[in-house]
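Novice: Here's the letter readout for the chains.
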Amino acid sequence: MKKMYTLPAAFLASSLLLTGCAGFQTGNSNDSATENEDGKVVLDFWTFWGSEIRRPVIEKIITDFNESQDEIEVQHTYLPWGDIWTKELAAIAAGDPPDVVINDINTTALRGEQNQAMNLAEFLSEDDISGQFYPELWDATLYEGDSYGIPFNTDTRVLFYNKDAFEEAGLDPEQPPATWDELEEYAAKLDVKNGDDYERIGFYPLWGINYDVWMLNANGHNFINGDNEVLIDTETNLETLEWLKGWKDKYGDDVINSYKAQIDSQQGNPFFNGSLGMYVSAPTFYTQIRDYADDLNFGVAKLPEMEPGNGHTSWGGGFVAEIPAGASNPEASYEFIKYLTGAEAQEYWAVQNFDNVANIEAAENAAESDEFTEDGTMVYSMATEYMRDTLLTPVPVSAPDFMGSVNPKIDEVFLGSKTPKQALEEAQADVESLVEKNTRE
Amino acid sequence: MAKTKSAMRRKETMYGYIFVMPWIIGFLAFTAGPLLFSLFASFTNYNITSQMDFVGTENYQGLFTEDGLFWTSLWNTLYYVLFSVPLTTIGAIFLSALLNQDVPGIRVFRTLYYLPAVLSGVGVYLLWMQLLDPGTGMINLVLGWFGIDGPNWLFDPAWTKPSLIFMKLWSVGGAMLLYLASMQGVSKTLYEAAEIDGANTFRKFFHITLPMITPVIFFDVVTSLIGGFQIFQEAYVMSSNGEGGPANSLLFYNLYMWRQAFENFNMGYAMAMSWILFIIVFILTMINLKLAPRWVHYEGGDNR
Chain X
1 MKKMYTLPAA FLASSLLLTG CAGFQTGNSN DSATENEDGK VVLDFWTFWG SEIRRPVIEK
61 IITDFNESQD EIEVQHTYLP WGDIWTKELA AIAAGDPPDV VINDINTTAL RGEQNQAMNL
121 AEFLSEDDIS GQFYPELWDA TLYEGDSYGI PFNTDTRVLF YNKDAFEEAG LDPEQPPATW
181 DELEEYAAKL DVKNGDDYER IGFYPLWGIN YDVWMLNANG HNFINGDNEV LIDTETNLET
241 LEWLKGWKDK YGDDVINSYK AQIDSQQGNP FFNGSLGMYV SAPTFYTQIR DYADDLNFGV
301 AKLPEMEPGN GHTSWGGGFV AEIPAGASNP EASYEFIKYL TGAEAQEYWA VQNFDNVANI
361 EAAENAAESD EFTEDGTMVY SMATEYMRDT LLTPVPVSAP DFMGSVNPKI DEVFLGSKTP
421 KQALEEAQAD VESLVEKNTR E
Chain D
1 MAKTKSAMRR KETMYGYIFV MPWIIGFLAF TAGPLLFSLF ASFTNYNITS QMDFVGTENY
61 QGLFTEDGLF WTSLWNTLYY VLFSVPLTTI GAIFLSALLN QDVPGIRVFR TLYYLPAVLS
121 GVGVYLLWMQ LLDPGTGMIN LVLGWFGIDG PNWLFDPAWT KPSLIFMKLW SVGGAMLLYL
181 ASMQGVSKTL YEAAEIDGAN TFRKFFHITL PMITPVIFFD VVTSLIGGFQ IFQEAYVMSS
241 NGEGGPANSL LFYNLYMWRQ AFENFNMGYA MAMSWILFII VFILTMINLK LAPRWVHYEG
301 GDNR
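Chains as they are written, first to last, in full-length UniProt numbering: chain X, 1 to 441; chain D, 1 to 304.
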């Protein structure tokens with residue numbers, strides 16, 4: 001009886017102790033799982049592209065890569081948006097990260113500083129591919145001069161306008177507004193009121209984008225510059241904020257809220273049925289027009305400039321492919337990233353997804369693709385051309401979360417509890433002290 | 001004889017330890033270990049990947065003296081707990097009293113009122129965002145029928161927290177079920193005796209039902225207090241940009257902690273925050289436990 005128990009119990013206890021200990025081991029770079037039976041290096045590639053549309057496209061790119069050579073085999077792991085980066089961080093901390101991951105471009109430098117992403121300088125010094133990408137995107141990946149991720153895709157913000165509504169209001173449908181004044185003037189002409197209710201709203205600047213895009217448009221630069229100088233409480237920003245507040249007061253909360261809800265519902269976007277004359281959105285908004293309002297006669301234009309000569313600066317974001325710190329096969333990972341961000345794969349992605357890509361050659365080829373409709377080509381080529389005026393807002397390493405201090409102050413302007421001047425002064429002071437606090441050590 | 005007996009006892013004790021080993025190892029590795037680690041990390045500038053220097057009480061000092069958002073988030077969380085805990089408790093008791101009637105079709109109602117407790121998570125929050133929409137939402141539409149101009153709910157800082165508290169009331173089904181079960185456990189003889197003495201429904205409720213279910217009320221208050229302090233998801237999904245807006249009115253403690261940990265990578269700072277929260281909740285729970293003997297009634301048992 002005794003003997004019967006002792007052995008299994010001892011086995012149980014010791015195996016538990018062993019598994020317990022294994023938890024404390026850091027990742028093993030000679031992990032057998034990184035090689036398959038054919039002797040190929042196996043890479044684990046994490047993306048959040050799991051939708052019906054995107055997943056087949058990325059998987060085709062992976063298959064093409066795997067077939068193109070006989071040393072590396074890439075495997076795709078889909079992780080849902082919202083989970084992927086906390087999981088990646090945990091994996092890096094545990095010493096067993098994926099080999100390649102798709103991550104947000106605006107925080108690439110921060111991950112470089114924090115040792116979460118691998119410095120790619122070594123690979124780039126041998127084989128400089130930086131010239132293939134839009135400079136603004138490339139610069140966003142740099143921390144202290146070295147790149148920590150290769151740009152994959154991007155976007156910009158453009159003005160969509162309803163040509164039929166323009167004609168109805170006596171405006172030239174081929175002449176979209178070029179300045180803020182014109183924007184206001186056109187919007188007023190496009191407004192159609194029936195008693196107290198609006199049948200059509202010409203334009204409202206804060207649907208589709210936020211106040212910060214208009215400030216970027218007016219300034220042509222970010223809130224914090226490379227020298228950690230905080231540029232929030234400026235004359236231009238004050239003027240912009242007052243201008244935006246003017247629109248809010250013109251239409252009033254009730255109208256704005258009820259329209260906003262329709263815009264958020266996607267299919268019900270008032271731009272589709274002509275009850276909104278102009279709307280700012282990313283170029284991919286075209287695919288919604290295509291799906292929900294095929295007959296709409298629309299045009300696209302750059303964001304109007306604050307005043308003539310000020311520049312039509314727009315805002316964009318995007319994603320990079322990066323190698324997490326501590327990945328086991330960086331050479332192979334880089335090889336795959338090069339393919340992923342190369343002209344061929346990028347063009348395929350661009351055409352299949354109607355998405356702006358980071359590779360200039362691919363973007364320009366895609367703009368001429370005959371897979372797009374006439375409208376699609378119009379939007380895509382305009383967006384491609386517009387990349388030159390598009391800025392990114394990489395988070396400053398000195399204060400990554402600084403918008404969390406600015407947004408609440410600006411909220412109060414629109415809620416009427418602060419004047420634009422007060423809000424900007426307070427935000428400036430808050431962010432200055434944040435930067436000062438974080439750069440003190 | 002005595003010797004073999006003690007040897008056997010030792011053996012038995014050893015087996016005992018071996019059998020609880022899985023739990024002990026699990027506890028040490030996955031609960032106590034991380035707990036101690038986070039306590040230590042709260043005194044460092046830990047950022048997960050590259051640094052972990054001892055900084056003493058700097059994180060704690062910074063929180064109390066330099067960080068306005070710390071106080072904002074603490075206040076928001078307290079506000080939420082202060083209103084949501086009593087309201088959901090009263091709501092659940094009220095509902096279960098109604099559902100404790102012996103009328104035809106009561107099972108259907110019980111199921112209906114419990115249903116929201118089964119649904120949870122982001123889907124429900126998205127649904128509520130539509131309901132609470134000031135322009136096109138159902139709630140303001142219904143208020144409009146009565147000539148009431150509904151508030152801007154999630155867009156007005158004065159109404160954002162009440163909105164979430166209001167939403168919380170929708171999911172009292174879980175607590176309601178506990179109350180219902182405990183109400184059904186109240187001995188019929190008590191009610192019969194009261195009826196003979198001429199007690200009406202209200203007297204029976206306040207003098208029999210309510211005292212008899214105090215242990216469940218106590219349990220519910222303690223758990224929802226702890227849960228209330230941990231509010232995160234609602235604000236993450238329903239506030240503007242997930243940042244706790246408008247105007248920081250939904251910046252709850254855990255949301256701010258999350259931002260410090262995963263957006264700023266100030267993990268040490270975030271851990272200091274989590275220990276402060278732990279102490280606050282611990283003290284409040286202790287107060288609850290101390291006060292409990294004054295109002296919690298255990299049938300047939302010693303109160304202390």
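Hints listed in this document are in silico derivations from the structure and should not be mistaken for laboratory results. Fair warning: there could be bad hints in the mix.
What the hints assert, rightly or not - Okay, derived cross-link-like pairs now, DSS-like style, lysine-lysine, Cα gap no bigger than 27 Å in a straight line:
id : chain 1 : residue 1 : chain 2 : residue 2
1  : X       : K437      : X       : K245
2  : X       : K338      : X       : K40
3  : X       : K260      : D       : K5
4  : X       : K87       : X       : K338
5  : D       : K161      : X       : K245
6  : X       : K437      : X       : K421
7  : X       : K418      : D       : K161
8  : X       : K248      : D       : K161
9  : X       : K248      : X       : K437
10 : X       : K418      : X       : K338
11 : X       : K260      : X       : K338
12 : X       : K163      : X       : K189
Novice: A separate judgement is required for each hint: does it hold in the structure or not?
Specialist: Results for each hint:
| no. | hint | verdict |
| --- | --- | --- |
| 1 | K437(X) - K245(X) | violated, 32 Å |
| 2 | K338(X) - K40(X) | holds, 18 Å |
| 3 | K260(X) - K5(D) | violated, 80 Å |
| 4 | K87(X) - K338(X) | holds, 24 Å |
| 5 | K161(D) - K245(X) | holds, 25 Å |
| 6 | K437(X) - K421(X) | holds, 24 Å |
| 7 | K418(X) - K161(D) | holds, 21 Å |
| 8 | K248(X) - K161(D) | holds, 24 Å |
| 9 | K248(X) - K437(X) | violated, 35 Å |
| 10 | K418(X) - K338(X) | violated, 50 Å |
| 11 | K260(X) - K338(X) | violated, 41 Å |
| 12 | K163(X) - K189(X) | holds, 13 Å |
When held up to the earlier numbered hints, the structure conflicts with 1, 3, 9, 10 and 11 and fits the remainder.
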